[in-house]
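**Q** Top line first, the protein sequences correspond to chains A and B. The first sequence begins at 0 in numbering that gives the first Met the number 0 and counts up one residue at a time. The second sequence begins at 0 in numbering that gives the first Met the number 0 and counts up one residue at a time.
No lab work stands behind these hints: they were computed from the structure. Take these hints with a grain of salt, some might be off.
One side of the interface only, derived from the structure: several residues of chain A facing chain B at Cβ under 7 Å [what the hints assert, rightly or not]:
#1 M24
#2 E174
#3 V248
#4 Y289
#5 K322
#6 L325
#7 F329
Where is the CB? At the ideal position from N, CA and C, for every residue including glycine.
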Amino acid sequence: MGAACLLAMPFADAAVLPQDRADAMYHSYEGDGVSIDGPSILLRKQVGDKVSLSANYYVDSISGASIDVRASASEYKEERTETTVGIDYLHNKSLLNLSFTNSSENDFEARSLHLGISQDFFGDLTTLSLDYSRGWDEVGRTGDEDFAEEANRQKYGLGVTQILTKNLIMGLKAENISDSGYLNNPYRFVRFLDESSARGYRFTTEIYPEARTSNAFSVNAIYYLPHRASVYGEARLYSDTWGIDASNVKLGYIHTFGDDWVLDVYVRHYQQDKADFYQDLFARENQFNYMARDKELSTFSNISAGVAVSYEWQFSQTTTIKKSSLNLEFDYMRFDYDDFRNLLDDAPVGEEALFSFSATVLRLYGSIWY
Amino acid sequence: MKQSMPIAVVTLLASTFLSGCASTFKELTEIEPWVKPYERSHLADPIMSMNRNPVASAYTKHVFEAREGARGADGGAGGGCGCN
């Protein structure tokens with residue numbers, strides 16, 4: 000089952016309508032015994048000089064079995080389809096964005112509405128943006144027709160982008176997200192000691208709190224270097240009411256070769272501390288009111304490195320197609336868990352090897368501007 | 000209680016956008032910039048955008064969100080130099 004749907008992204012810069020463009024992407028993720036791939040198509044078209052319409056169609060085709068599934072269930076296949084439609088409206092120095100996203104799986108339906116407004120100040124050197132999103136999830140469980148749960152999601156965002164010099168842009172962003180309802184993953188289990196069992200432990204259903212509120216703050220900067228290159232960085236701090244504290248930092252460098260080739264390389268590091276109710280192994284069934292063994296809630300870190308290459312064709316501004324590009328992006332990721340053990344390891348209960356895995360991500364897409 | 004503060008902040012800022020203070024608002028939007036419009040050629044270059052490929056950025060954000068506990072405030076804060 001996929002995570003909650005992508006909350007709609009404001010595909011926009013402030014005070015000018017986004018450029019008309021079309022993108023077609025093939026994406027692929029391979030890691031931890033799971034393969035996910037599919038297309039993503041984005042179309043954007045201006046109507047008059049005040050309105051821009053956009054539509055995005057996205058598919059995840061999932062097959063294989065992650066460590067959670069390999070330890071307690073059988074391999075599976077499923078597909079998630081996500082559709083977003085949006086409208087941007089420009090009024091003087093304000094840009095309003097409204098979009099609706101629907102994400103559909105055989106056992107999970109998610110709908111979300113996004114409203115954003117951005118405004119330029121101080122001679123267009125400062126852009127202030129406000130975002131509000133609301134999401135409604137319907138959670139099912141394959142093979143259990145009586146299982147039907149719901150969750151609601153709400154997000155407030157505040158962002159500032161500041162031009163500091165003719166070569167430096169800096170951004171600050173804060174987001175508060177609140178979830179309520181059924182927030183478990185219905186396919187994940189906790190394990191607890193049971194000497195009567197052959198393995199020495201048994202599984203039982205996870206129990207999550209029915210509310211979660213998080214705050215995230217990020218700062219980013221991008222600096223123009225001589226000979227048409229740039230260096231950029233981003234850092235984020237995160238904390239939530241489940242006890243998860245996290246931080247990540249990303250550094251990247253963009254280099255151009257002639258007018259046509261763009262090379263982008265980056266590294267990113269992420270680390271988090273576990274949720275208060277997470278444990279790899281509980282002493283007994285129903286030991287606490289809330290119990291989870293979801294590795295996304297454990298203490299872990301990951302490091303990723305990526306490279307992206309683009310080739311651009313520039314055409315005349317009077318032709319139908321003004322510019323096009325072909326892009327290939329590749330990422331390598333490594334996840335290391337501090338308190339999530341590999342249950343496939345043949346070792347005494349609670350002494351199994353700590354789990355780790357690596358993954359590769361590929362994005363191949365073409366874009367045209369018209 | 001934790002939700003009430005962001006609601007208040009958003010409401011305050013939204014009301015600044017939408018109501019009263021029209022003249023102050025106009026002055027703020029038309030202040031003399033210290034980086035002149037003709038000095039923004041570097042800033043207008045696509046290599047200075049944190050989100051120059053929206054389809055790829057949205058996908059990458061999704062890849063991390065599905066595998067990490069943290070969510071929100073990633074991927075840059077929109078905006079730009081208004082010079083497409």
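**Q** For which of the previously enumerated hints does the structure constitute a violation, in increasing order of number?
**A** 3, 4, 5, 6, 7
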